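Undergrad: Protein sequence lines correspond, in order, to chains A and B.
Numbering-wise, the working numbering puts 56 at position 64 of the first sequence, and it's gapless, one number per residue.
Numbering-wise, the working numbering puts 132 at position 46 of the second sequence, and it's gapless, one number per residue.
Rather than coming from a laboratory, the hints here were simulated on the basis of the structure.
Since the structure is predicted, the reported quantities are computational estimates derived from the model, not experimental observations.
There may be inaccurate statements among the hints.
As the list claims (entries may be wrong) - 20 Å max Cα-Cα, derived SDA-like pairs, lysine to any residue:
(1) B:137 / A:140
(2) B:137 / A:137
(3) A:79 / A:202
(4) B:249 / A:43
(5) A:194 / B:142
(6) A:34 / B:240
(7) B:105 / B:128
(8) B:179 / A:83
(9) B:236 / B:273
(10) B:133 / A:134
(11) A:76 / B:236
(12) B:179 / B:161
(13) A:153 / A:142
(14) B:179 / A:89
(15) B:279 / B:224
(16) A:180 / B:222
(17) A:15 / A:75
(18) B:182 / B:279
(19) A:133 / A:197
(20) A:146 / B:146
(21) A:176 / A:186
(22) B:137 / A:131
(23) B:137 / A:130
(24) A:76 / B:192
(25) A:76 / B:249
(26) B:236 / A:39
(27) B:316 / B:179
(28) A:30 / B:105
(29) B:182 / A:84
(30) B:236 / B:278
(31) A:30 / A:220
(32) B:279 / A:121
To be verified - Partial pick of chain B residues on the chain A-facing surface, computed with a CB cut under 10 Å:
(33) 163
(34) 169
(35) 203
(36) 208
(37) 300
To be verified - Okay, the calculated bits of chain B under chain A, using three or more residues with CB under 8 Å as the criterion:
(38) 170 to 182
(39) 221 to 232
(40) 239 to 249
Note that beta-carbon positions come from the ideal geometry of N, C-alpha and C, so glycine has one too.
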Amino acid sequence: MVHFTLFSHKGGPNPWRPVIALKELNLSYETVFYEFSKNEQKNEQHLAYNPNGRVPTLVDHQNNDYAIWESDAILAYLTDRYDKERKISLPHDHPDYHHLLQYLFFQSSGQGVIWGQASWFNFYHPEPVASAVTRYRNEIKRVLGVLETILQDKDYLVAGKYTIADASFVNWNALVPYIFGPGKHEFKEELPQLDFEKEFPKTYAWHQRLVERPAVAATLKEREQAIQQL
Amino acid sequence: MFATKFRRNLSPLTLFSHKGGPNPWRTVTALKELNLPYETIFHDFAKNEQKNERHLAYNPNGRVPTLIDHHNNDYTIWESDAILAYLTDRYDKERKISLSHDHPDYHHLLQYLFFQSSGQGVIWGQASWFNFYHPEPVASAISRYRNEIKRVLGVLETILQEKEYLVANKCTIADLSFVTWNALLPSIFGPGKHEFNEALPQLDFKKEFSKTYAWHQRLVERPAVAATLKEREQVLQQ
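The following block holds chain A by itself, in its conformation from the complex (with noise of 0.2 Å):
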């Protein structure tokens, strides 16, 4: 039996979060992919492990089947228990183990969700409201600002290395284009835009490092062929 069950979704960029650990630590994982426009991520045995009905959900079969939800925590979850090079994440004594928390408490609060509205007024908001768009594209360009300040002097967000804190943001960094790109609404108004390399040099150079290393761009290049076979 593979180590594990992971509850996904094929173009959502959250469940594909935990896949780059799982693929960094060369742990093998069975995915069963919702539909959504089904519903099937409400569905009684989801609903079971997750009472929140969304995606990722990880079951860990070498842990009693072990279920946990939010993606971030499994990223914790998933390195304090299989990372023990800590190759990709820190020990919980090391002096910047807290930072890391803080830096994936801010991917989760602060980009993902953020992104995330961004995108639903863009695509599927019934009604175009482009003063909400804006709103969201404008949070999202103070967002890479930060990281752009974080970055100036740093290749990684903690200990100088690359950690699961990095990993974090790349899901959802990687659909910015999108997410600034045309919706499914005709705005009059003039609309923020994103030049992301222009406009956050470090970031976007941190965001190609992250997207180059093999386990994150194997993780991308699977949710594009899961896609197509939608």
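Place chain B on chain A using the hints.
TA: Structure of chain B alone, referenced to chain A:
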């Protein structure tokens, strides 16, 4: 020119905060639970003080809370849930309101902190934004976020059917992390900046989510939490 080194004060901890915002007060609940002395510097957001040079040097995100631990070489940390983890890992050796890292539920505690961080705080915050601050009335946005609040309260209701606390059968920072935004639910669902023709989602917290409501009451009755909410009320009246 600001002094780059923080002026010495008597407290081992300095908390950069805001009088009204729920997030910095989240940190205060843990400080009080652990009887840790702290000094608070309130930033006036109307004057954009949280973006001043001194604060940005500590926290490039320029938001609150930011915590400085003067007993740990002025260790600086931001993101309220990371601060809760830092304070309890360092100062809650008896694990009165937290779990040790080798506890089987440690990662479930993190799970709930991330659920609070991305699923509660930001969502309650968007509902609040479109009710009180957005320049134009957008009923569909308010509806979106109020409905999501109710969905999340429903998730908590399911989780709390058979238990009094989120993890390990005791109050931990996982539970505490939800309190300050939940205390603002009546305000969030109340009248705001705009008049709306459309019917907006309403909430009777106690009636619709009775277990969650009871859990919330259990938390606000804890002396440290009650004292936190009272301190916030007092500074708001100043």
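Undergrad: Please go over all the hints and tell whether each is borne out by the structure.
TA: Hint check results:
Pair hint residue 137 (chain B) plus residue 140 (chain A) holds up; C-alpha atoms about 16 Å apart against a cutoff of 20 Å. Proposed proximity of residue 137 (chain B) and residue 137 (chain A) is supported: the alpha carbons are some 13 Å apart, at most 20 Å. Pair hint residue 79 (chain A) plus residue 202 (chain A) holds up; C-alpha atoms about 14 Å apart against a cutoff of 20 Å. Restraint check for residue 249 (chain B) and residue 43 (chain A): satisfied, since their Cα atoms lie roughly 14 Å apart, inside the 20 Å limit.
With a CA separation close to 18 Å, the supplied pair residue 194 (chain A) and residue 142 (chain B) stays within the 20 Å bound. The straight-line distance between the Cα atoms of residue 34 (chain A) and residue 240 (chain B) is roughly 13 Å, inside the 20 Å bound, and the hint therefore holds. Straight-line distance between C-alpha atoms of residue 105 (chain B) and residue 128 (chain B) comes to about 6 Å, which keeps the hinted pair within the 20 Å bound. A threshold of 20 Å between alpha carbons decides the hint, and for residue 179 (chain B) with residue 83 (chain A) the separation of about 18 Å falls inside it, so the pair holds.
A threshold of 20 Å between alpha carbons decides the hint, and for residue 236 (chain B) with residue 273 (chain B) the separation of about 15 Å falls inside it, so the pair holds. For the hint linking residue 133 (chain B) to residue 134 (chain A), the alpha-carbon distance of about 18 Å falls within 20 Å, and the restraint holds. Of the supplied pair hints, the one linking residue 76 (chain A) and residue 236 (chain B) is violated, its CA atoms being roughly 40 Å apart against a limit of 20 Å. Restraint check for residue 179 (chain B) and residue 161 (chain B): satisfied, since their Cα atoms lie roughly 19 Å apart, inside the 20 Å limit.
Pair hint residue 153 (chain A) plus residue 142 (chain A) holds up; C-alpha atoms about 14 Å apart against a cutoff of 20 Å. For the hint pairing residue 179 (chain B) with residue 89 (chain A), the CA-to-CA distance comes to about 17 Å; that is within 20 Å, so the pair holds. With a C-alpha separation of about 11 Å, the suggested pairing of residue 279 (chain B) with residue 224 (chain B) holds against the 20 Å cut-off. For the hint pairing residue 180 (chain A) with residue 222 (chain B), the CA-to-CA distance comes to about 17 Å; that is within 20 Å, so the pair holds.
Proposed proximity of residue 15 (chain A) and residue 75 (chain A) is supported: the alpha carbons are some 12 Å apart, at most 20 Å. This hinted pair does not check out: residue 182 (chain B) and residue 279 (chain B) have alpha carbons roughly 42 Å apart, beyond 20 Å. Taking the CA atoms of residue 133 (chain A) and residue 197 (chain A), the gap is near 16 Å; set against the 20 Å cutoff, the hint holds. Under the criterion of a C-alpha separation no larger than 20 Å, the hint pairing residue 146 (chain A) with residue 146 (chain B) is consistent with the structure, at around 14 Å.
This hinted pair checks out: residue 176 (chain A) and residue 186 (chain A) have alpha carbons roughly 18 Å apart, not beyond 20 Å. Among the hinted pairs, residue 137 (chain B) with residue 131 (chain A) is consistent with the structure: their alpha-carbon atoms are about 15 Å apart, no more than 20 Å. A distance of roughly 16 Å separates the Cα atoms of residue 137 (chain B) and residue 130 (chain A); the hinted pair therefore holds under the 20 Å criterion. For the proposed pair residue 76 (chain A) and residue 192 (chain B), the alpha carbon gap of about 17 Å is at most 20 Å, so the pair holds.
Pair hint residue 76 (chain A) plus residue 249 (chain B) does not hold up; C-alpha atoms about 33 Å apart against a cutoff of 20 Å. Of the supplied pair hints, the one linking residue 236 (chain B) and residue 39 (chain A) holds, its CA atoms being roughly 17 Å apart against a limit of 20 Å. Taking the CA atoms of residue 316 (chain B) and residue 179 (chain B), the gap is about 27 Å. The hint is violated against a cut of 20 Å. Distance check on the hinted pair: residue 30 (chain A) and residue 105 (chain B) sit about 45 Å apart at the alpha-carbon level, beyond 20 Å; violated.
For the proposed pair residue 182 (chain B) and residue 84 (chain A), the alpha carbon gap of about 19 Å is at most 20 Å, so the pair holds. For the proposed pair residue 236 (chain B) and residue 278 (chain B), the alpha carbon gap of about 19 Å is at most 20 Å, so the pair holds. Between residue 30 (chain A) and residue 220 (chain A) the CA atoms are separated by roughly 18 Å; this keeps the pair inside 20 Å, and the hint holds. Restraint check for residue 279 (chain B) and residue 121 (chain A): satisfied, since their Cα atoms lie roughly 18 Å apart, inside the 20 Å limit.
A least Cβ separation of about 6 Å between residue 163 (chain B) and chain A falls short of the 10 Å threshold, and the interface hint therefore holds. Below 10 Å, beta-carbon pairs count as interface contacts, and residue 169 (chain B) has one with chain A at about 8 Å; its hint therefore holds. Taking 10 Å as the C-beta cut-off, the interface hint given for residue 203 (chain B) holds, the closest approach to chain A being about 4 Å. Using the Cβ-Cβ criterion of 10 Å, the hint placing residue 208 (chain B) at the interface with chain A is satisfied: the shortest such distance is roughly 4 Å.
Interface hint status for residue 300 (chain B): violated, as the beta-carbon distance to the closest one in chain A is roughly 18 Å, over 10 Å. Under the rule that three or more residues need a Cβ within less than 8 Å of chain A, the assignment of the segment 170 to 182 of chain B holds, with 3 such residues. Counting residues of the segment 221 to 232 of chain B whose beta carbon lies closer than 8 Å to any beta carbon of chain A gives 6, which meets the minimum of three for the stated coverage. Counting residues of the segment 239 to 249 of chain B whose beta carbon lies closer than 8 Å to any beta carbon of chain A gives 3, which meets the minimum of three for the stated coverage.
Comparing the model with each numbered hint stated earlier shows that hints 11, 18, 25, 27, 28 and 37 do not hold.
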